[in-house]
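Chemist: Sequence:
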Amino acid sequence: MKELLRTGDRADVHFLVGDKQKLVKAHKAILEKASKVFEAMFRFNEANEKAAAAAAAGTGSSKTIKPVKVPEVEVPEVKVPEVKVPDVEVEAFKVMLSFIYATDLSGLNGDNAMSVLYAANIYHLPKLVDSCLNFPIPELNSVFF
1 MKELLRTGDR ADVHFLVGDK QKLVKAHKAI LEKASKVFEA MFRFNEANEK
51 AAAAAAAGTG SSKTIKPVKV PEVEVPEVKV PEVKVPDVEV EAFKVMLSFI
101 YATDLSGLNG DNAMSVLYAA NIYHLPKLVD SCLNFPIPEL NSVFF
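For the sequence shown, the UniProt record's numbering gives the first residue as 1, with consecutive numbering after it.
Among the hints, erroneous ones may be present.
[Said to hold, decoys possible] Restricting the straight-line Cα-Cα distance to at most 30 Å, the calculated cross-link-like pairs of lysine-lysine (DSS-like) are:
| hint | residue 1 | residue 2 |
| --- | --- | --- |
| 1 | Lys28 | Lys127 |
| 2 | Lys20 | Lys79 |
| 3 | Lys84 | Lys127 |
| 4 | Lys79 | Lys22 |
| 5 | Lys25 | Lys2 |
| 6 | Lys25 | Lys94 |
| 7 | Lys2 | Lys36 |
| 8 | Lys127 | Lys20 |
| 9 | Lys94 | Lys22 |
| 10 | Lys2 | Lys84 |
| 11 | Lys20 | Lys2 |
| 12 | Lys20 | Lys84 |
| 13 | Lys127 | Lys94 |
| 14 | Lys33 | Lys84 |
| 15 | Lys22 | Lys36 |
| 16 | Lys36 | Lys25 |
| 17 | Lys127 | Lys2 |
| 18 | Lys36 | Lys94 |
| 19 | Lys94 | Lys84 |
| 20 | Lys79 | Lys94 |
| 21 | Lys33 | Lys20 |
| 22 | Lys2 | Lys94 |
| 23 | Lys22 | Lys127 |
| 24 | Lys36 | Lys84 |
| 25 | Lys28 | Lys2 |
[What the hints assert, rightly or not] Quick list of the computed label-pair ranges, beta carbon to beta carbon:
| hint | residue 1 | residue 2 | range |
| --- | --- | --- | --- |
| 26 | Ala56 | Glu3 | 34 to 42 Å |
| 27 | Leu16 | Arg43 | 16 to 24 Å |
| 28 | Met114 | Ala54 | 40 to 48 Å |
| 29 | Arg43 | Lys84 | 13 to 21 Å |
| 30 | Asp19 | Ala57 | 32 to 40 Å |
| 31 | Arg6 | Ala54 | 15 to 23 Å |
Quick caveat, the hints were computed from the structure, so don't treat them as lab data.
All residues carry an ideal CB built from backbone N, CA and C; glycine is no exception.
Please model the entire structure based on the sequences and the hints provided.
Modeler: The structure is reproduced here in structure tokens:
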């Protein structure tokens, strides 16, 4: 799974993350299984796309259309949806995805723990929230002593 995240092979969603809208590729099915927020986001978008396609085709009904055999078919380029995530830092988003894909917290550190916690809260990832809350940040110890 981590290899899928690293390479972005067959990614079916693109996130434009942070102020500079850095491209981060991901896979809807994996994200949907990890987070009800992602599931709702993708289901809502799919329903809207289907309704828009039906409206554009002039069909408001659910008529069954018989398939037609075509000898040669050109496969159209599939447009991957882009989701803007301006309020999450890029590195925090990547750490969150690493956790979702492979339960990998190697990217979590004292510099980004709060940003990752913010992202984990937005996308309702309670295990990642707990990991962030329990992450030791040495700089905080000196504040209390």
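Chemist: Now tell me, hint by hint, if it's right for this structure.
Modeler: Hint check results:
no.: 1; hint: Lys28 with Lys127; result: 20 Å, holds
no.: 2; hint: Lys20 with Lys79; result: 22 Å, holds
no.: 3; hint: Lys84 with Lys127; result: 24 Å, holds
no.: 4; hint: Lys79 with Lys22; result: 18 Å, holds
no.: 5; hint: Lys25 with Lys2; result: 12 Å, holds
no.: 6; hint: Lys25 with Lys94; result: 10 Å, holds
no.: 7; hint: Lys2 with Lys36; result: 21 Å, holds
no.: 8; hint: Lys127 with Lys20; result: 28 Å, holds
no.: 9; hint: Lys94 with Lys22; result: 11 Å, holds
no.: 10; hint: Lys2 with Lys84; result: 23 Å, holds
no.: 11; hint: Lys20 with Lys2; result: 25 Å, holds
no.: 12; hint: Lys20 with Lys84; result: 10 Å, holds
no.: 13; hint: Lys127 with Lys94; result: 16 Å, holds
no.: 14; hint: Lys33 with Lys84; result: 20 Å, holds
no.: 15; hint: Lys22 with Lys36; result: 24 Å, holds
no.: 16; hint: Lys36 with Lys25; result: 19 Å, holds
no.: 17; hint: Lys127 with Lys2; result: 18 Å, holds
no.: 18; hint: Lys36 with Lys94; result: 19 Å, holds
no.: 19; hint: Lys94 with Lys84; result: 14 Å, holds
no.: 20; hint: Lys79 with Lys94; result: 23 Å, holds
no.: 21; hint: Lys33 with Lys20; result: 28 Å, holds
no.: 22; hint: Lys2 with Lys94; result: 12 Å, holds
no.: 23; hint: Lys22 with Lys127; result: 26 Å, holds
no.: 24; hint: Lys36 with Lys84; result: 18 Å, holds
no.: 25; hint: Lys28 with Lys2; result: 15 Å, holds
no.: 26; hint: Ala56 with Glu3: 34 to 42 Å; result: 38 Å, holds
no.: 27; hint: Leu16 with Arg43: 16 to 24 Å; result: 21 Å, holds
no.: 28; hint: Met114 with Ala54: 40 to 48 Å; result: 44 Å, holds
no.: 29; hint: Arg43 with Lys84: 13 to 21 Å; result: 18 Å, holds
no.: 30; hint: Asp19 with Ala57: 32 to 40 Å; result: 39 Å, holds
no.: 31; hint: Arg6 with Ala54: 15 to 23 Å; result: 37 Å, violated
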